[in-house]
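Each chain, written out:
Protein chains: 2
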Amino acid sequence: MNSSDVLIYDTTLRDGTQGEQINFSAEEKLRIAQRLDEMGFHYIEGGWPGSNPKDARFFEMAKEVSFEHARLTAFGSTRKPNTEAAACPNIAALLQAETPAVAIFGKTWDLHISEILNVSLEENLAMIHDSVEYLKSKGKEVVFDAEHFFDGYKNNPGYARQVIETALSAGADMIVLCDTNGGTMPHTLTAIINEVISYIPPYLLGMHAHNDCGLAVANTMAAVQAGVRMVHGTINGYGERCGNADIITIIGNLQVKMNKRCLPENSIRELTHLSNYVSDIANIPPLNSRPFVGRSAFTHKGGIHVDAVLKNPIAYEHIKPELVGNHERVLVSDLSGKSNIAYKAREMGIDLGKETSINKKIVQQIKMMEDQGYHFDSADGSLSILMKKIKGELKEPFILESFQVFNAKTGDNPPVTQASIKISVGGEEELTAAEGNGPVNALDNALRKALTKFYPNIRDMHLVDFKVRILEGCEGTAAKVRVLIDSSDGRDIWSTIGVSTNIIEASWQALVDSIQYKLSKDEENKECKV
Amino acid sequence: MNSSDVLIYDTTLRDGTQGEQINFSAEEKLRIAQRLDEMGFHYIEGGWPGSNPKDARFFEMAKEVSFEHARLTAFGSTRKPNTEAAACPNIAALLQAETPAVAIFGKTWDLHISEILNVSLEENLAMIHDSVEYLKSKGKEVVFDAEHFFDGYKNNPGYARQVIETALSAGADMIVLCDTNGGTMPHTLTAIINEVISYIPPYLLGMHAHNDCGLAVANTMAAVQAGVRMVHGTINGYGERCGNADIITIIGNLQVKMNKRCLPENSIRELTHLSNYVSDIANIPPLNSRPFVGRSAFTHKGGIHVDAVLKNPIAYEHIKPELVGNHERVLVSDLSGKSNIAYKAREMGIDLGKETSINKKIVQQIKMMEDQGYHFDSADGSLSILMKKIKGELKEPFILESFQVFNAKTGDNPPVTQASIKISVGGEEELTAAEGNGPVNALDNALRKALTKFYPNIRDMHLVDFKVRILEGCEGTAAKVRVLIDSSDGRDIWSTIGVSTNIIEASWQALVDSIQYKLSKDEENKECKV
Chain A
1 MNSSDVLIYD TTLRDGTQGE QINFSAEEKL RIAQRLDEMG FHYIEGGWPG SNPKDARFFE
61 MAKEVSFEHA RLTAFGSTRK PNTEAAACPN IAALLQAETP AVAIFGKTWD LHISEILNVS
121 LEENLAMIHD SVEYLKSKGK EVVFDAEHFF DGYKNNPGYA RQVIETALSA GADMIVLCDT
181 NGGTMPHTLT AIINEVISYI PPYLLGMHAH NDCGLAVANT MAAVQAGVRM VHGTINGYGE
241 RCGNADIITI IGNLQVKMNK RCLPENSIRE LTHLSNYVSD IANIPPLNSR PFVGRSAFTH
301 KGGIHVDAVL KNPIAYEHIK PELVGNHERV LVSDLSGKSN IAYKAREMGI DLGKETSINK
361 KIVQQIKMME DQGYHFDSAD GSLSILMKKI KGELKEPFIL ESFQVFNAKT GDNPPVTQAS
421 IKISVGGEEE LTAAEGNGPV NALDNALRKA LTKFYPNIRD MHLVDFKVRI LEGCEGTAAK
481 VRVLIDSSDG RDIWSTIGVS TNIIEASWQA LVDSIQYKLS KDEENKECKV
Chain B
1001 MNSSDVLIYD TTLRDGTQGE QINFSAEEKL RIAQRLDEMG FHYIEGGWPG SNPKDARFFE
1061 MAKEVSFEHA RLTAFGSTRK PNTEAAACPN IAALLQAETP AVAIFGKTWD LHISEILNVS
1121 LEENLAMIHD SVEYLKSKGK EVVFDAEHFF DGYKNNPGYA RQVIETALSA GADMIVLCDT
1181 NGGTMPHTLT AIINEVISYI PPYLLGMHAH NDCGLAVANT MAAVQAGVRM VHGTINGYGE
1241 RCGNADIITI IGNLQVKMNK RCLPENSIRE LTHLSNYVSD IANIPPLNSR PFVGRSAFTH
1301 KGGIHVDAVL KNPIAYEHIK PELVGNHERV LVSDLSGKSN IAYKAREMGI DLGKETSINK
1361 KIVQQIKMME DQGYHFDSAD GSLSILMKKI KGELKEPFIL ESFQVFNAKT GDNPPVTQAS
1421 IKISVGGEEE LTAAEGNGPV NALDNALRKA LTKFYPNIRD MHLVDFKVRI LEGCEGTAAK
1481 VRVLIDSSDG RDIWSTIGVS TNIIEASWQA LVDSIQYKLS KDEENKECKV
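Protein chains in written order, with this note's numbering: chain A, 1 to 530; chain B, 1001 to 1530.
None of these hints come from the bench; they were simulated from the model.
Just so you know, even glycine gets a beta-carbon here, dropped at the ideal spot from N, CA and C.
Some hints could be false.
Pulled a few chain A residues facing chain B out of the computed Cβ check, cut under 8 Å [said to hold, decoys possible]:
| hint | residue |
| --- | --- |
| 1 | Asp37 |
| 2 | Glu38 |
| 3 | Gln162 |
| 4 | Ile200 |
| 5 | Pro202 |
| 6 | Gly214 |
| 7 | Met258 |
| 8 | Thr299 |
| 9 | Pro321 |
| 10 | Phe403 |
| 11 | Gln418 |
Chain B stretches covered by chain A per the calculated footprint, using a threshold of three residues with CB under 8 Å from any CB of chain A [said to hold, decoys possible]:
| hint | stretch |
| --- | --- |
| 12 | 1061-1074 |
| 13 | 1080-1094 |
| 14 | 1153-1165 |
| 15 | 1291-1297 |
| 16 | 1497-1503 |
| 17 | 1512-1526 |
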């Protein structure tokens, strides 16, 4: 363990994916896990390997990755009723994940045990005891999630206490009190935790809250106030029903407002980035009003607030927005933006602090494009290409002479789509055509076909994801769209972006950036080897 | 006043409109105010008549309306420094609004008074005293908002106390403690309120919270626990920065969970409707995860939760969703699919309980299409068209002979897009073409052009929103897309859907459904008139 005041346990990749529209591929999960590890999260719950093949694959892939800070955690249930722990496939799947820590949940609410699980209260305790003891015997750190702890406690406090004491006596390292239905009021929660800490030391306790009453963050804070050491949550509060506790808001409150140590100091400035990064991967529009990290979180609309903030920001800002990587915005004025770009440039190894004319040009260009709807936070590939272009470091791999995309439908028959493209590479022209199951797919196919002749390494490259978002709601079919493409060549993944009122044009921009990024990356690697 | 435990003070129309994307016309404000009145809200803060002409016009219009339950309230500031209250235009505007109640805010934080307002602490007290006294002399109920009360109290508790005691001694009916910057932690807030109630009776106190730390609801609940009688909030938590306290969540917690009386019992079942109604008027997509009233608030994604909920809903639902007008939804499982469809059909006036062959066919067809990625929950227009089609009640308004969409790009020039279409209506053919700023827009333009000749009422119709979502992340540009179109004819809004790997085909389906819905609706209305 370590010396933080509060242990941060992220379950975006497990409980977060229970959210209605949340879906991550195994590759996306791994990217998020690595990002959380870099930022110093203490625990990353990666998934439930016994419940679905995608999560099992995630843990397979994660074996090849070394985590510097975080303890990767696999989640599962206790052994089945009337089965040996060693013979239970759930438990076996947890061990196969080969993570340093495992989390298992057990039933705490007697209603659930008798009505849903249909076992005796004694067998439920035995299931918990055996599962924890067996996993401990295999050398695992064991986090025990007491499901429905508060509902259970309200109904039968003696039994709820027996459940967590059983887990503890079997060797569990941490007992997590779960408000699974999200229905507990903070004053009730505090009263119950105060009883619990009379028989379990608070540094062995964690809190897992759901947001059904809009109180997940408050309940987590109340638990920490009562002494609880571990907090569970998800990035952006993703999760089923009304979501889990938003771990970013919790970290903001604990570390920035209350001076408790959660993450390394420099990770706090990345919280805004982290929120946007995960929402882009999830393809869920970021919530502008999200505490600390939302686009509107430090935005002033006008009138007296703007005047006051210009005199002294603390007049209407509860913290300095820069502390969490956010920035003040004043609508109608165009004061902000530069530090944001500098931040991103630094990540790409470009120091915009030096006021050279090229750096100025980069900042201007990015601001102009972000005004138009580009969003470079989530398009590292396009940003890198753009910077290289302005610095004159990019060799254009091909010139587009022209393309046509043709889409036709007759009666009720399925549509037919064809694309033809003419490009030139070093003076040599190539004209080719391809079909596709949609206009963008046809264009993608035609471009690859034309380029493979000149750049065979394009064959390694494939698209991992293709996301479209409408930028302005009220323009109907004339609205601007943002296309985000994730590409991979098996070693790296990069993201590129295009914006246009024409989805084909927007996709074209993102496709071309992606190919340029791949070729430029391979070129640099070749030079390194020479 | 009345016998409720807690007085509900809605400020959607005033503080809510400080939200970045929130904009209501005076007419829209009046519709919302009437709705809130019908539901039994105690106070409706309608706007700031001294600050903008729109709000002044709202109060003019409101004079023609009689409110049954609510006290309409006009908001403003105290008199200006070194001016008579009777001579201050702010105060005059409040009186001109002719509302039974007025709310005025005064500075409580000494930092604000010296740095922003630039007056002496004594003059600030005089401004508060004179303004309250003058408004009382005019027969108004006066709500006094102690701006930045908690920040002020932390900095200079003696002065903060003087401020609210001054307002009270001048005759204020209610003292509202404002956490204007939204930065106060619940334990600090409770400690401060406990001090305040040692010298001001809690039934004269109100709470106004902002959500900058994700704690606005929790802080409001904590204030009520401490005895405070009036709560301020906005529908859906709209408001500047991270928003105000969500008044719907507060009412849910207080009345449904804690048995405190806020609104008449039957208004509680309207909370889901109210949330959607206001988000539609604001044209802000409703937040699916919103506590109590969100579309996902009682949605179960699969696996053990679904099984458990089917056995006993309280297993994973903290309240009966029907209490607040919401309903349980179960995703993925076939079992659930059916009840879900029955529910939707009932809403359309079709009773699927009767096991006729047509009803079976409708259920089968919808299930099959939902498996393919259609999503009828959000496409009432398409669902209605589909049901009418299967029941043989739909007159097809046109036959598509063929269309072609052509998109070309040369070098760096902007792309060119054209669509041509051939349709027939009652044996008469029409061939036409149009341009657009993207392929779907061109097709949309061509279709309308062709149809307007036969159906002039299509001219009333326009697209309000066009949304695209990729359904499968890992297929790259070959992925399936779901297109959702919202259309309006000025009277109604309806949503239609299309799904295909080809975005043009998916858009085509949604466009055709939308037009069919409009024509079939107008046809029915015509029959009604005859």
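Consistency of the hints with the structure:
Contact between Asp37 (chain A) and chain B, as hinted, is not supported at the beta carbon level, the nearest pair being about 23 Å apart and thus beyond 8 Å. Nearest Cβ of chain B to the Cβ of Glu38 (chain A): about 23 Å, over the 8 Å cut. The hint is violated. A distance limit of 8 Å between C-beta atoms decides the matter here; for Gln162 (chain A) the minimum to chain B is near 20 Å, and the interface restraint is violated. At its closest, the beta carbon of Ile200 (chain A) sits 22 Å from a beta carbon of chain B; the interface hint therefore is violated under the 8 Å criterion.
The closest approach between the C-beta of Pro202 (chain A) and any C-beta of chain B is roughly 16 Å, which is over the 8 Å cut-off, so the hint fails. For Gly214 (chain A), the shortest C-beta to C-beta distance to chain B is roughly 4 Å, which falls under 8 Å, so the interface hint holds. Interface restraint check for Met258 (chain A): the shortest CB-CB distance to chain B comes to about 7 Å, inside 8 Å, so the restraint holds. Hint on Thr299 (chain A) holds. Least Cβ distance to chain B is approximately 6 Å, under the 8 Å limit.
The criterion of a C-beta within 8 Å of any C-beta in chain B is not met by Pro321 (chain A), whose closest approach is roughly 10 Å, and the hint is violated. At its closest, the beta carbon of Phe403 (chain A) sits 5 Å from a beta carbon of chain B; the interface hint therefore holds under the 8 Å criterion. A hinted interface residue such as Gln418 (chain A) counts as satisfied when its beta carbon comes closer than 8 Å to some beta carbon of chain B; here the least separation is about 11 Å, so the hint is violated. With a cut-off of 8 Å between beta carbons, the stretch 1061-1074 of chain B has 0 residues touching chain A; three or more are needed, and the interface restraint is violated.
Only when three residues or more bring their CB closer than 8 Å to a CB of chain A does the claim for the stretch 1080-1094 of chain B stand; here the count is 0, and the claim is violated. Evaluation of the coverage hint for the stretch 1153-1165 of chain B: breached, as 0 residues show C-beta separations to chain A shorter than 8 Å, against a requirement of three. A stretch counts as covered by a chain when three or more of its residues have a beta carbon under 8 Å from one of that chain; for the stretch 1291-1297 of chain B and chain A the count is 6, and the coverage holds. Note: the stretch 1497-1503 of chain B has 4 residues with beta-carbon separation from chain A under 8 Å; the three-residue rule is met and the coverage holds.
Proximity of the stretch 1512-1526 of chain B to chain A, defined as three or more residues with a beta carbon under 8 Å from a beta carbon of that chain, is not established by the 0 residues found.
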